[in-house]
Every structure is written in structure tokens, then in C-alpha cells.
Amino acid sequence: MMLRFALRRLASLVPTLFGLSILLFAWLRLLPGDPARSLLGQRATPESIERVNESYGFNDPLLQQYLKYIWALLQGDLGTSISLKEPVLTAFWDKLPATIELTVVALIFAVVIGIPLGYYAGRHQGGWTDTAVVSTSLLGVVVPVFFLAIILKYIFAIQLGLFETANRQSSRIDAEHPTNFYVLDGIITGNLGASWDALLHLVLPGIALGTIPFAIIVRITRASVSEVVHEDFVRTAESKGLAASTINRRHVLRNALLPVVTTIGLQLGLLLSGAVLTETVFSLGGIGQYLFDAITVRDYPVLQGFILFIALMYALINLVVDLSYGLIDPRVRVS
Amino acid sequence: MTTRHLRRGVLLTVVSAMSAMGLAACGSDEPADDTSSGDGASEAEAQCQEQVDAAASAPDTGADDFIFAASADPYTLNPFHASDGETFRVMRQMFEGLVGTEPCTPDPAPLLATDWEAAPDGMSYTFTLQEGVQFHDGTPFNAQAVCDNFEYWNNQPKGPAQTEDNSYYWISLFRGFADTDPPSIYDSCATSGDTEVTINLSEPFAGFVAAMSLPSFSMQSPTALEKYNQVAAGENPTSTEYALKHPTGTGPYMFEAWDRGEQVTLTANPDYWDADAAAKTPNLTITTIEDTGARRDALINGDIDGFDLVAPGDIAPLEQEGLQIVQRPAFNILYLGMNQAQPPLDNPDVREAIALAIDKQAVVDQTLPPGSEVAIEFIPPSVNGYTEDVTEYPYDPEAAKALLAEAGEENLTVDFNYPTDVSRPYMPSPEDTFNIIRTQLEEVGITVNPVADVWSPDYLDKMQGTANHGIHLLGWTGDYNDTDNFLGVFFGRKSMEWGFENPELFSALSDARQIPTVEEQVPAYEEINKMVMEYLPGVPIAHPVPSLAFATNVEGYIPSPVQDEPWNTVVVTE
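Chains F and E, in that order, are what the protein sequence lines are.
Residue numbering for the first sequence is 1 to 335, as defined by the numbering used here.
Residue numbering for the second sequence is 1001 to 1574, as defined by the numbering used here.
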């Protein structure tokens, strides 16, 4: 049952991605500015632009370009970056670990603090603690991420020197990177100092990036908990004389978590694709920063490849979230 | 000139001794005295000389690492295929060309060639080579290696290797390849023993020697190129094994690793040919931090030892933190262009009025880094052909108003284009520069219609690819000491940016380019500078000084106007 569901969902991805590839291809070429001029910068001359366009096939009819692109894509070739000349797929795998590490730290921050706070607020609705939690979370949503990033950096990295200001690891540290997940690499190679250093680089960007999901998780948890506590089965459990902790754990939390898990899944997708500002402020060199650079130079293959991949990941994460409902709530599995 | 402990320490000693004996002009290409840089040395040049002297007295050893933050990753590790400053920065540590530059100037100086001689017709150049040099892989550097390099450059395969994004300097200076139509102006290379080599050209090229100081024309190990750099037609030349993992030159540092997007690490070359100029710091790390603010924070935090492209607004805060600011002598021009395709900018009186309305000194004082200087023409003073004998347009708002009235343009409205989100060495804060010039123009009654665009690709596209702009801010940093590299780029032919047709100016520039020697070019370029400032296609504003920042314990960094900055002299004291 589950397997068929998963396969059906996966199959439905194919036309979605295909449509997206056409949209992306057309949309990118409608943007003003062309890659040849970006490549050549201020030194461009009409002749050199023509030579570059000819040499990279930008002069070919769009349909021909698209067919060539999609043919290569079907063979697993996402093309080569126009500006940096590295294979798009290689670049993607190269940059992804940085973004995943950042996302994980941001999510841990959002979940580990967000769910208990939201739960507490939901259980004590209307009290001053509830008000405080709600206002704090509101603050998380309204303060722009890049502003928060700069402020955090100024206070905790520059003034207090507790954390790091930029990059994924200090250049002064001698570290090897077999997997490109720097925290993990330190553990694998037995260089815990390197892991710790990489972690210190992730704390502030993680918090900055995590504030919005944190705020959303707090509010969803709070709303969900306050709804669940008024459900019949909770009242039944209470009248049965079950211990409060058992009720909370087995009945309230478990039922309240369903929308929270959906939210986390959606946020995870967003974080993976939306860390441009945080990655730039902290110079983390993940896919967000790479995408941003690609947009400024109209690097079509990078934009097409990265966005398609992000869409694919987003869809897969959603699938996993849907499947996880079954684990939390058996009713979903049956239906 | 004092003896300096530089990469070219020994050579310079020889040259200074020769110059004391009046022998310095060993090649007929040495610039004439009256045009060489140094006269009326700017504040930054004086500071640069102090850095040179300080480097000579810096300790010989210090910390093991020097960590420098660059604003971008290198494009490739094959210097021939690079043309950007960030790649060049890394290349200059590992590679050397036949020709270097005199410290603090853009002028050619001996490096792998100790001497050179141009044929009177400017069609061939004979170089005498430094002896006892070998590439990092042990291959000897000799006359044959020089020929191999020239042949390698001239025989790039068809496809991306023959386009400007990969072979910019070769194409723009040698104008083709062996198999293009027309072919390049490089004709042949002849060796005479191991230490003498002659390059024959099919056309005179006065800037040849100066051009050889560009990192693109660094000497690369023929053995390593043969082994790791096979590129077929249609293939990309920048992703070969050589370009990613095996760059092999003769420089004071050797390649260790390139962690793409993160950092490049280099180690000192233990067999460097000039023992007196061997690297003082064993390991270099050039880490990439794109964001200017992040570079500044990293330095304040002690994560890095230095960085380039300091924002003007950060200079004071960094100094307050006790960090060092080092200024590069300016080798650039910031100008206000005027697009004559947009009337009435085609009216000379209107252009003159705009020029008179601008208080350049105020622009410099209020929006550019300290040490920047007002410009009176479109080339910096250290470039051949610079002359003070040009028409100047001193700030005179009353005269500007009168001229506008005379031209019947009292109610003049102009589009004023400027870029956002960008900081170029010649244009550190365009928004600020725009604002002050706008105020000045409004004071003489001109209505300014501001048009802002993102720098890349929108702004450049609009300025250079369309006629849809009015007056605009732009500039240029010179690549090496060649006048055509400034004036020829701007005014060599009709362009969208300037929108004018001036056959007299176009042909004067094309004629000057053909003159076989720099000495003969100088008067021609002086005339062209006068002609340009009479015609006034735009207003040269300033030569902004680019700044670097360093930790307090960094010694021996010598800035160069053309960024010829090998770090063999740098020491991080403990």
C-alpha cells in the first residue's frame, strides 16, 4: 500500500519536472542580459560577444538548444557552468553539503526550541507566558533574516568573539574533507577540533536562518496543541484518570504533531533553497550563494540544473513527510 | 633606487647599478624619463615606497601561514586562460613571466628575462634569460621553454579556447591564433643557445614588452602542459587536469591544493632561483569571502591576515581597530560618460557646461578613499602619454549656467545612469558619487532623472550594448602600462556607450597603436589626450586609490598599481 503510494507519487513527478524544465528554460532566456556579456564584462566588444555566443551555441534556435539540453539531461548530464566551467552536477554535490549542514542546524534550533515552547504556550493559553512566547515568535517572523544575521554576527562574533564570522571552517585549521560535510568530516578523520570549529561557524547562521521556521513551528504547535487538548479523547483520557504526563505524551503531543511535521517538511524544502542571504552574509558557499552568483551572470545551465534539483528534493521531502504521517498517526496508514 | 629584498631582489640590484651608470635603458622599450611614473608622486605612491623600504627591513621569518581573503575563487589555475584580478592574484605567487614591473609603478622590469632588445622596426624582440631557473616540476627554464610557451599560446584549439572568456589577453593583443583568419601577429620564435630567445612578430607592437608582464603570459612548464593539458577542439581549456591540479611555474610558491569555492593553498618553493628573494612565509592560504563586510569582520576577528577591496566606509573603522590600511597607487580612471546619441549631449556647449558644473575635488573628498586624486584626462599619470597640457574644466557653476543659457538649454533634463550593489576599485561607492554629482548638476539648474540598475549584467548591458542611457558613471582599471589599454578601449571606435562618430580621433588612435616604439608613441598619445579633452566626450573625475587591509603583525606587503604583488616578502610576525 505504502509502496504503491510512494511509486505513484514518484511517477507523477516526471511530468512536473518536465514542465518545469520547459518553463525554466524559457523564463531564463526572457531575462534581460545575456551570459556572453556577463562573461566578458566591461571588456566585451560586439565581436567578442559574437564569438562567445557562437562557440557556446547561444546563437542556435531556442528549440534546438532546449532539445540538446533535455537530451543531455535524460542521460544525466546537467551541462557545464558557463561562468565557472565546472559540471553543474559536480558543483551541486559540492555545494549541497554546506547547505544541508546549515539547514540541519537551523532546523534543530527551530524544532528543539520551537516545539516545547509552542507546546507550553498551547497548554497555558492566555497566560503571560503564552503572550511572551507568541510575541517572541512574531519577532522571529518580522525581523529580516539578513538583518538578524548581521546583528548576530556583530554581537556574538565580533564583539564577544564566541562564534565565527565567515566561511565554513577557519583557514588556520588543518582539516581533510572526505565527504564535504565539515562537521562529519572532523569526526570521520578523528579531528574533533575541526568538527568543533565547523560547528562554531554554523551556530550564528543556523540561528539566523532558523528564526522563521522557529516562529512558524511555535505557532503551529501552539495552535495544534490548544485544539487537541479540547478533543474528546483527551477528556476521556483525563476522566479515565490517566497520569497527566501520559496524556500529554501519548495523546496530546502525538496528535498535535501531525501539522507540525508537515510544517517542518515544508520548511526543510524552503531552507534548502532559500538560504541565499544567510549564506552570503556568512560566506558559507552553499547552493544558495552559488545560485545567487549564477543569477547575476545569467549562468543558464547552473540555474536550470540547480532549480530542477531543488524542485526534485522539495518533492521528495514532501513525499517523506507524507509517508511519515503513517508513523505518527496509524489512521493515516489505514486510509 | 635602493636595493630591495623583493622577488626580483637580485635583478633590481643589477638594474639600479646599471641605472646609476646611465645604462638602464637596456631595451629600447624602456619608457622615456619624462613619462615614467614617479614625477609628482602621489600620496599612495609615496606610501608604496615606504612599504618597499619597510619590507627590506622586515624580519626574515615569522608565522608559518599567511591567510588572505579574496573576493572570488580563481577562474582557473592556468594563467594563460585567465584575465581577472582574483585569478591573477593566485597566479602571481606561482608563476613568473619574462617581464615583471618596477615596484610601485606599472613600468616593465626584468624578471625571467634579465634584458631585452627591440629591433628598430619593432617587429622582433630578443630576450636574454635568467640562468639557473627551473620550473616546480624540475623542468629547466630556458629559451626552448619560452618558445614552447609562445607556440602553446598561439596554437589553442578551435572552440572555447579561442574565445575571449578564455584567452582574452592573447586575442586582444595578438589578435588571433595560428589557424585563424587573419592569423595572430605572433610569427615565430627562435632560440640562440639556452639563454637567448627572439620573438618575431608580423606587425609592430610597441606594448609587447609591457604586455609580457601580464600573468596570462607567465611561463608554464612545457612538460606539465604536455602531460596534463591536452585540450581537443571544442573542449573547455579551463577544466583540464593541469588547470585544476597541476599548475607549474617558476614562482616563489608552489601549488598545493584548490578546494573549489573555498580556498587555494600554496607552499614555498624550496628551490626558488633567487635565493635572496625566497618566500619568507612557508604557507599561503587564499580563502574566498565574497562579501566585503564578511571580509572585514573576518580580519577584525583574526580569522584572516589581510584582504583586498576594502570599502571606503570601512577604512576608518578598521583603523580604529588598530588594523593596517595599505593603499595601492591608483592605475585607474573614474569618469562621467556622456552619451551623444541622447541629445542635447551631442552639443559641445552642453557637455562643457556639465564639466564646469562638477566640483571634482568635492567628489574626491566626500566619496572616495583618502589619497584619491582628481583626474584631468582619461589616463592616470603613470601611463605613457600622460600630459598636464590638456584643456581643463575647473569647477565654475556660474560659467556652466551661462553656457547652458547660451545653448538655449536653461531647462536641461538629463538621464543620469549609475550602478547599484557594486564596488569596483575605480568606483568604490557609485551611489555616493552619483548623489554628489547630481546635487552639483542641480545647482546649475539641470534637472537630473536618476536611472539606477544592478551592475551585472543590467547596467553594463545598458551602457555598452544599448543607446538607452544619458550621462553615466563608469571607469576602468589598466591591465598593464599601455595607453591604448585606456584610450583605445574608450574611444578607439564608435561605441554604444559614447554614441559619437569622430573619425579624426578614431584614426589617431589606430595610427598610434601602429607606432613601433613606446618613445615614438608618447608624443602621439599626448596629442590624443589633448584632442580628447578638447572634444570632451565625458568628464574624467578621479583616480580612486584602492585599499588593502592587514592585521597589525603583517609586514612586508608591497602594493602595486597593476597588482603585481608576489607575497614572497610578506611576514606575519608572532
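There may be inaccurate statements among the hints.
Said to hold, decoys possible - 20 Å max Cα-Cα, derived PhoX-like pairs, lysine-lysine:
1) F:K68 - F:K85
2) F:K85 - E:K1494
3) E:K1245 - E:K1227
4) E:K1401 - F:K85
In short, the hints are calculated from the structure, not lab data.
Checked hints:
The suggested pairing of F:K68 with F:K85 holds, with an alpha-carbon distance near 18 Å, which does not exceed 20 Å. For the hint linking F:K85 to E:K1494, the alpha-carbon distance of about 33 Å lies beyond 20 Å, and the restraint is violated. Proposed proximity of E:K1245 and E:K1227 is supported: the alpha carbons are some 12 Å apart, at most 20 Å. The straight-line distance between the Cα atoms of E:K1401 and F:K85 is roughly 53 Å, outside the 20 Å bound, and the hint therefore fails.
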